[in-house]
Amino acid sequence: DGGITQSPKYLFRKEGQNVTLSCEQNLNHDAMYWYRQDPGQGLRLIYYSQIVNDFQKGDIAEGYSVSREKKESFPLTVTSAQKNPTAFYLCASSSRSGTSGIGEQFFGPGTRLTVL
Amino acid sequence: AQSVAQPEDQVNVAEGNPLTVKCTYSVSGNPYLFWYVQYPNRGLQFLLKYITGDNLVKGSYGFEAEFNKSQTSFHLKKPSALVSDSALYFCAVRAGGISSGSARQLTFGSGTQLTVLP
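Protein chains in written order, with the working numbering: chain A, 1 to 116; chain B, 1001 to 1118.
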């Protein structure tokens, strides 16, 4: 899983609560990403950030929020507006985030979120 | 919009036999193509990528993939499968060269579960 850590490994949330998933990398990568994985659907991009203090919505951003105050950190908040948050969440990072960047993405070990 | 198709949800192969996991893609312009592997309850691990050059790309753990532009395919192969190769495999694509916005981001297929039988 390289130099990317995610915590916690398992997270349980009651309906109506916001929860924050942590993602930290020590690879000195500019770009970071959050994906959601559901069985049989592959990975879907939630948010991505190519530089500190900047981020963009992915394909399924509704009900989620992020921040990128430090290069090493890209936390994801799952808000109460996300109607079906139970899933496996993966954080990734890559180098050369510019228009010609072709670095592969490195993934963290994931956080499994369950709504009770 | 870019897309990836992995037509087989499940592939079973006997240990020692060759394996193929199929992937076709759609993208504007030249593609950058990737294969990842995922073991249960773990993150994805990078296997190999095609950017340009030789159509046959060699990667980690004895895997290789062949880029076929006319068929828009990037099938993953291994000459002799191991039981330890059993895992979930993902193909991914992004637009190559200078591109903007979401085209720079990876689009993943739905995954193929590979089971190698002893």
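No lab work stands behind these hints, which were simulated from the structure alone. Even for Gly, the Cβ is constructed at its ideal location relative to N, Cα and C. There could be a bad hint or two in this list.
Stated by the list, open to error - Simulated restraints, written as ranges between beta carbons of each label pair:
#, chain 1, residue 1, chain 2, residue 2, range
1, B, Gln1113, A, Asp59, 20 to 26 Å
2, A, Asp59, B, Glu1008, 19 to 25 Å
3, B, Thr1072, A, Lys14, 23 to 29 Å
4, B, Val1083, A, Ile51, 41 to 47 Å
5, A, Gln17, B, Glu1015, 33 to 39 Å
Between Gln17(A) and Glu1015(B), is the Cβ distance one that fits in 33 to 39 Å? violated (47 Å)
Between the beta carbons of Asp59(A) and Glu1008(B), is the distance compatible with 19 to 25 Å? holds (24 Å)
Would you say the C-beta atoms of Val1083(B) and Ile51(A) sit inside 41 to 47 Å of each other? Since the Cβ atoms of Val1083(B) and Ile51(A) sit about 43 Å apart, the hinted range of 41 to 47 Å holds.
Whether the CB-CB distance between Thr1072(B) and Lys14(A) falls inside 23 to 29 Å: About 46 Å separates the Cβ atoms of Thr1072(B) and Lys14(A), which means 23 to 29 Å is violated.
Taking the Cβ atom of Gln1113(B) and the Cβ atom of Asp59(A), is their distance within the range 20 to 26 Å? holds (23 Å)
In this structure, the hints that do not hold are numbers 3 and 5, in rising order.
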